[in-house]
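**Student:** Start from the sequences and build out the full structure, keeping to the hints where you can.
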Amino acid sequence: MSDTFLYGIEVVMNGLMTGVLYALVALGFVLIYKASGIFNYAQGVMALFAALTLVGIMEGQVPFSHLINAIFGTNIHHFGWEVPAVLAIFLTMGVMVLFAYLVQRFVFRHLVGQEPIILFMATIGLAYFLEGFGDLMWGSEIKKLDIGLVQGASLWFEDLTSGLGGDGFYGFYIDVLDVTAAVVAIVLVVSLTLFSQYSKQGRAMRAVADDHQAALSVGISLNFIWILVWSIAGFVALVAGIMWGAKSGVQFSLSLIALKALPVLMLGGFTSIPGAIVGGLIIGVGEKLFEFLIGPMIGGATEAWFAYVLALIFLVFRPQGLFGDKIIERV
Amino acid sequence: MKLKLATLALSAVMATGPVMAELVFPSLAYRTGPFAAGGIPFADGYSDYFSLLNARDGGIGGVMTAVPECETAYNTEKGVECYEALKGDGALVFQPLSTGITYQLIPKATADDIPMHTMGYGRTSAKNGKVFSHIFNYPVNYWDGASVGVSHFKDQAGGSLEGKKITLLHFNGSYGKEPIPTLEALAAQEGFDLTIIPIDYPGQEQKSQWLQIRREKPDYILFWGWGVMNQVAVQEAVNINYPMDQFMGIWWSGSENDVLPAGAGADGYKALAFHNVGNDFAVFGDIQKYVVDAGNAAGDGSNVGTVLYNRGVYAAFLAAEAAKGAQAASGTMDINASQMRDAMEALEITEAKMAAAGLSGFGPEFSVSCENHGGPGMAAVAQWNATDQKWSLITEFGPSDGSIVNPLIEADSAAYAAENNIAERCN
Amino acid sequence: MFYREAGDFKTTYADDTQTFPIKFDRYRYYVVLAFAFGVIPFIINDYWANAVLLPFLIYAIAAIGLNILVGYAGQVSLGSGGFMAVGAYSTYKLMTSFPDVNIFFHVIIAGGITAIVGVLFGLPSLRIKGFYLAVSTLAAQFFLVWLFNRVPWFYNYSASGQISSPERTVFGYAVTGANAESWVAYLFCLVFVTISAIIARNLTRGASGRRWMAIRDMDIAAEIIGVNPLKAKLTAFAVSSFFIGIAGALFFAVYLGSAEVGDTFGTTKSFLLLFMVIIGGLGSIFGSFAGAAFLVVLPVLLKNVLVAGLGWPTDTAAHLEILIIGALIITFLIAEPHGLAQLWRVAKEKLRLWPFPH
Numbered sequence: 001m002s003d004t005f006l007y008g009i010e011v012v013m014n015g016l017m018t019g020v021l022y023a024l025v026a027l028g029f030v031l032i033y034k035a036s037g038i039f040n041y042a043q044g045v046m047a048l049f050a051a052l053t054l055v056g057i058m059e060g061q062v063p064f065s066h067l068i069n070a071i072f073g074t075n076i077h078h079f080g081w082e083v084p085a086v087l088a089i090f091l092t093m094g095v096m097v098l099f100a101y102l103v104q105r106f107v108f109r110h111l112v113g114q115e116p117i118i119l120f121m122a123t124i125g126l127a128y129f130l131e132g133f134g135d136l137m138w139g140s141e142i143k144k145l146d147i148g149l150v151q152g153a154s155l156w157f158e159d160l161t162s163g164l165g166g167d168g169f170y171g172f173y174i175d176v177l178d179v180t181a182a183v184v185a186i187v188l189v190v191s192l193t194l195f196s197q198y199s200k201q202g203r204a205m206r207a208v209a210d211d212h213q214a215a216l217s218v219g220i221s222l223n224f225i226w227i228l229v230w231s232i233a234g235f236v237a238l239v240a241g242i243m244w245g246a247k248s249g250v251q252f253s254l255s256l257i258a259l260k261a262l263p264v265l266m267l268g269g270f271t272s273i274p275g276a277i278v279g280g281l282i283i284g285v286g287e288k289l290f291e292f293l294i295g296p297m298i299g300g301a302t303e304a305w306f307a308y309v310l311a312l313i314f315l316v317f318r319p320q321g322l323f324g325d326k327i328i329e330r331v
Numbered sequence: 001m002k003l004k005l006a007t008l009a010l011s012a013v014m015a016t017g018p019v020m021a022e023l024v025f026p027s028l029a030y031r032t033g034p035f036a037a038g039g040i041p042f043a044d045g046y047s048d049y050f051s052l053l054n055a056r057d058g059g060i061g062g063v064m065t066a067v068p069e070c071e072t073a074y075n076t077e078k079g080v081e082c083y084e085a086l087k088g089d090g091a092l093v094f095q096p097l098s099t100g101i102t103y104q105l106i107p108k109a110t111a112d113d114i115p116m117h118t119m120g121y122g123r124t125s126a127k128n129g130k131v132f133s134h135i136f137n138y139p140v141n142y143w144d145g146a147s148v149g150v151s152h153f154k155d156q157a158g159g160s161l162e163g164k165k166i167t168l169l170h171f172n173g174s175y176g177k178e179p180i181p182t183l184e185a186l187a188a189q190e191g192f193d194l195t196i197i198p199i200d201y202p203g204q205e206q207k208s209q210w211l212q213i214r215r216e217k218p219d220y221i222l223f224w225g226w227g228v229m230n231q232v233a234v235q236e237a238v239n240i241n242y243p244m245d246q247f248m249g250i251w252w253s254g255s256e257n258d259v260l261p262a263g264a265g266a267d268g269y270k271a272l273a274f275h276n277v278g279n280d281f282a283v284f285g286d287i288q289k290y291v292v293d294a295g296n297a298a299g300d301g302s303n304v305g306t307v308l309y310n311r312g313v314y315a316a317f318l319a320a321e322a323a324k325g326a327q328a329a330s331g332t333m334d335i336n337a338s339q340m341r342d343a344m345e346a347l348e349i350t351e352a353k354m355a356a357a358g359l360s361g362f363g364p365e366f367s368v369s370c371e372n373h374g375g376p377g378m379a380a381v382a383q384w385n386a387t388d389q390k391w392s393l394i395t396e397f398g399p400s401d402g403s404i405v406n407p408l409i410e411a412d413s414a415a416y417a418a419e420n421n422i423a424e425r426c427n
Numbered sequence: 001m002f003y004r005e006a007g008d009f010k011t012t013y014a015d016d017t018q019t020f021p022i023k024f025d026r027y028r029y030y031v032v033l034a035f036a037f038g039v040i041p042f043i044i045n046d047y048w049a050n051a052v053l054l055p056f057l058i059y060a061i062a063a064i065g066l067n068i069l070v071g072y073a074g075q076v077s078l079g080s081g082g083f084m085a086v087g088a089y090s091t092y093k094l095m096t097s098f099p100d101v102n103i104f105f106h107v108i109i110a111g112g113i114t115a116i117v118g119v120l121f122g123l124p125s126l127r128i129k130g131f132y133l134a135v136s137t138l139a140a141q142f143f144l145v146w147l148f149n150r151v152p153w154f155y156n157y158s159a160s161g162q163i164s165s166p167e168r169t170v171f172g173y174a175v176t177g178a179n180a181e182s183w184v185a186y187l188f189c190l191v192f193v194t195i196s197a198i199i200a201r202n203l204t205r206g207a208s209g210r211r212w213m214a215i216r217d218m219d220i221a222a223e224i225i226g227v228n229p230l231k232a233k234l235t236a237f238a239v240s241s242f243f244i245g246i247a248g249a250l251f252f253a254v255y256l257g258s259a260e261v262g263d264t265f266g267t268t269k270s271f272l273l274l275f276m277v278i279i280g281g282l283g284s285i286f287g288s289f290a291g292a293a294f295l296v297v298l299p300v301l302l303k304n305v306l307v308a309g310l311g312w313p314t315d316t317a318a319h320l321e322i323l324i325i326g327a328l329i330i331t332f333l334i335a336e337p338h339g340l341a342q343l344w345r346v347a348k349e350k351l352r353l354w355p356f357p358h
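These protein sequences, in sequence, are chains A, B and C.
Going by my numbering, the residue at position 92 of the first sequence is 92; the numbering climbs one at a time, nothing skipped.
Going by my numbering, the residue at position 233 of the second sequence is 233; the numbering climbs one at a time, nothing skipped.
Going by my numbering, the residue at position 40 of the third sequence is 40; the numbering climbs one at a time, nothing skipped.
Quick caveat, the hints were computed from the structure, so don't treat them as lab data.
Do not rely on the hints blindly, as some may be mistaken.
Stated by the list, open to error - Chain C stretches covered by chain B per the calculated footprint, using a threshold of three residues with CB under 8 Å from any CB of chain B:
1. 46-53
2. 108-114
3. 157-165
4. 172-183
5. 260-271
Claimed, not checked - Okay, derived cross-link-like pairs now, PhoX-like style, lysine-lysine, Cα gap no bigger than 25 Å in a straight line:
6. K34(A) to K23(C)
7. K217(B) to K165(B)
8. K353(B) to K324(B)
9. K144(A) to K390(B)
10. K23(C) to K348(C)
11. K10(C) to K348(C)
12. K23(C) to K10(C)
13. K129(C) to K231(C)
14. K326(A) to K129(C)
Bear in mind the structure is a predicted one, so any value in this text is a computation, not a measurement.
For each residue, glycine too, the CB sits at the ideal point set by N, CA and C.
**Tutor:** Right under this line is the structure:
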């Protein structure tokens, strides 16, 4: 087995891991689109906000400290306590549920029945609002996210595979954090799929996605379902924020991961949960392989546009994405 | 609208007391946006030094200083807007802290007769004062940094880089591409193999790049990053167990923010530096006493002595020294931008001046001239100690290889002069 | 009472089919033009030009282009930043390769080049519909940014990869470069805006506009009645990219003076243009202006009020600015989902009846 082939396998494995991380972000989009037809531009900012809140609670930061200091001339920054990670996650989840309720009550209840592009614009306004709000509440310096997740090469795996390529081959590299993220993502996807297929609320969610009027007429509370969906999307955003924030610290660029999730979303289909994972895997492997094989010939840094080109190629053959709802047009 | 607001503000000021002349040093800061982590300490340091001068010395030459801040979020358009808003208030010198904004402002500042100090960033060829009359980038620029970095690696390799592999990992933009011509020239001269790996903004995800490094096993890595890219790179280097003392970042990739998240693994990471690090200088005691404790600090006082805070202090110190020179040369205390520019061109920084300001040994001694707006091009190497959580210099300030750097500067500035029909001055 | 059609009789076909049939509208239009051409150049200063007016004019042209594509033809496009980059780089190459030709022609040719590139990236629209089409234009966005970064020929092999616009003159007055006076730059852009708006308005009022709207509303039915979807969609892309290319050329040459493609023409720019179009009102030329004004003037206004007026620290002000813009967008959408142009239309409807209530 030649070196290039082995390196290719390493690239493919890492691409799968990265793809899973993308899928984690794409899941949030899918959930909200599935239940309410809204393309939630604010998903990336929700991940950032959730991560900021988590770190803020864990470190005992005073919310809005800059604003309070500016208005009242005080100099307070921390409460002085520290909250353990698990409790902090629950509290953050509570904040996200509150956020879901407020968004539903003040934004989307007034926009029922509008066209998709108007709802999209509303989520853009929401993204701006949440970004400013999150920065105002917790500050825009970079923060370290440390909930005990381990990072670094998996030495066990490296040793296991080091014999494959003869002397001098280091063994395959897999990041332990990526493996954790992959496991978490798969658990999330499986549980969300089971939830939406087999539980009462999941069925209610699918009913709402199909037809609002019909769902209302059988007694499903639209508001409750929408709050539920946004809360779950908030939870998914929190998980995505933790995974990405652990790698790079919590700061503004975290909200840009949404851009990496867009090709995943389009490839997998806007309405399919398993599609998010499959799309993520395809994009992750595709872009890494392209960068490995063809990148050096054309100068590198090709990942950004190749992910979209890959999604485009798939879409040309299946215009609704791999697993998306078939677009039925009536004249 | 602005006129109305200006009148309101002016009347408010006049109502409170007599209007005094002030020396205005605008701060184009970015406390928000993707690069806030780097912009905040620099802006704090810049502002705190002038607050210190006001509180302890009563300003410069008896005239109080003012540091109006304008938020650019590292965005070029906002930078232009900030420049236009602040240039009329008697601004003496602009320091945009962004290569993109610098390029925008080079022709504008020259036309408006306001000098710009782009210390260790911006357009490298602005060192050539014959073409760039109003732009100064002393004491060092990126090409000098690249050259000093390679020299350090050469010493580390025992005197010769023949047959070695050096990788340039860089931000895929103008800032990151700056050192490429110098490194290519050095590769030809020293005999090493140069690989260039770009990282797209924001650089949150660098798996491909580091897998490539793991495959190719370069002997040394030079890193030109900014923002979140820095931490992720250091973290990934730790993850693949790359020997950290063979990994060196430019001075914008060598601050505490970049190495703390990686923890103990980042021990030994190096970075180029053009000023000293740490808070073991007399000026910081004064800043603590007159500014932080008095409640006038721009930040919360926790980043005093960090690398980027020190850089802000250094920038402010150089501007203040130039202002003093302008006051001495023109005979008035209330100088204008044109006199500031002349003073910057005649600036001489000696150990005595640095010691008098409480910054003994903070940077190299240098002087600026009409032809040379970039100083001596001296840089040192700093290393991170993860146990003590401190940066410290491990070499003296050493010069760059002029035979490589100077011809490149001549060529680039000549191209700019030709494109824009600028006649050479200083003859 | 003022805004009435009663008593306004048309006697020629030309009068009947004019853009502003109501006298009040016509006079309003003339007054605005007179003010813009005749008064502002005398009272403008550097700050107003660079912070407010030039970006407003340039973004208005780009928003008109994008509105034609998204609002009239219904094709979602997120690649406007990349197309503006094409306009900018074409202008740069033309300016440096043919320094004797007037910049006016360079900008128009740059628009033409962008139109060709736009058609190329618009081909997938024949197969992909709805939000999914955004993927094709995003691919264009990222690919074009990568291309201009990667191929040194585009930036004349300079070490840093930035392009700077050399000084060019029109009728003896400098338009680009640092010595350009603010009123000259303003007038240059204003001329382009006026011509673009007139062309766009007449295109959208005429047969091509009706074809685009037919494709937007029911494309299969449109095909059945004889609208060629290939031609309609590709002409929408072409015309839209032409305007966006002109905007990009002016943005680089006149407003900024130098550009770095990743920073200046990134996805932020694409999204900003889309927001302007949606907030202003899809399918309306006035809406393009309204949206551009909203998203250009409002941040500057907020910044001046919060920092200069209230004296708050700049980062708090910046955060509040974003927060307020977000809140305003949501409020506008709840109040009037069809954008500022719809608000304007409703206001005009009410004015027609005023002082009667109905």
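**Student:** Now tell me if each hint is right for this structure.
**Tutor:** Comparing the hints with the structure gives:
1. Counting residues of the region 46-53 of chain C whose CB lies closer than 8 Å to any CB of chain B gives 5, so the stated coverage by that chain holds, three being the minimum.
2. Residue count for the region 108-114 of chain C with a Cβ under 8 Å from a Cβ of chain B: 0. That is fewer than the three needed, and the coverage hint is violated.
3. Figure legend: the region 157-165 of chain C, annotated as covered by chain B; annotation consistent (6 residues with Cβ-Cβ distances under 8 Å, at least 3 required).
4. Residues of the region 172-183 of chain C with a Cβ under 8 Å from some Cβ of chain B number 3, which satisfies the need for three, so the listed coverage holds.
5. Counting residues of the region 260-271 of chain C whose C-beta lies closer than 8 Å to any C-beta of chain B gives 5; at least three are required, and the coverage claim holds.
6. For the proposed pair K34(A) and K23(C), the alpha carbon gap of about 50 Å is over 25 Å, so the pair is violated.
7. Restraint check: the Cα-Cα separation between K217(B) and K165(B) comes to about 8 Å, which is no more than 25 Å; the hinted pair holds.
8. A threshold of 25 Å between alpha carbons decides the hint, and for K353(B) with K324(B) the separation of about 11 Å falls inside it, so the pair holds.
9. Taking the CA atoms of K144(A) and K390(B), the gap is near 18 Å; set against the 25 Å cutoff, the hint holds.
10. Between K23(C) and K348(C) the alpha-carbon distance is near 13 Å, which keeps this suggested pair within the 25 Å criterion.
11. For a cut-off of 25 Å, the pair hint linking K10(C) to K348(C) stands: about 21 Å separates their Cα positions.
12. At roughly 11 Å between alpha-carbon atoms, K23(C) and K10(C) fall within 25 Å of each other, so this suggested pair holds.
13. Pair hint K129(C) plus K231(C) holds up; C-alpha atoms about 16 Å apart against a cutoff of 25 Å.
14. Restraint check for K326(A) and K129(C): the C-alpha separation of about 12 Å stays at or below 25 Å, so the hint holds.
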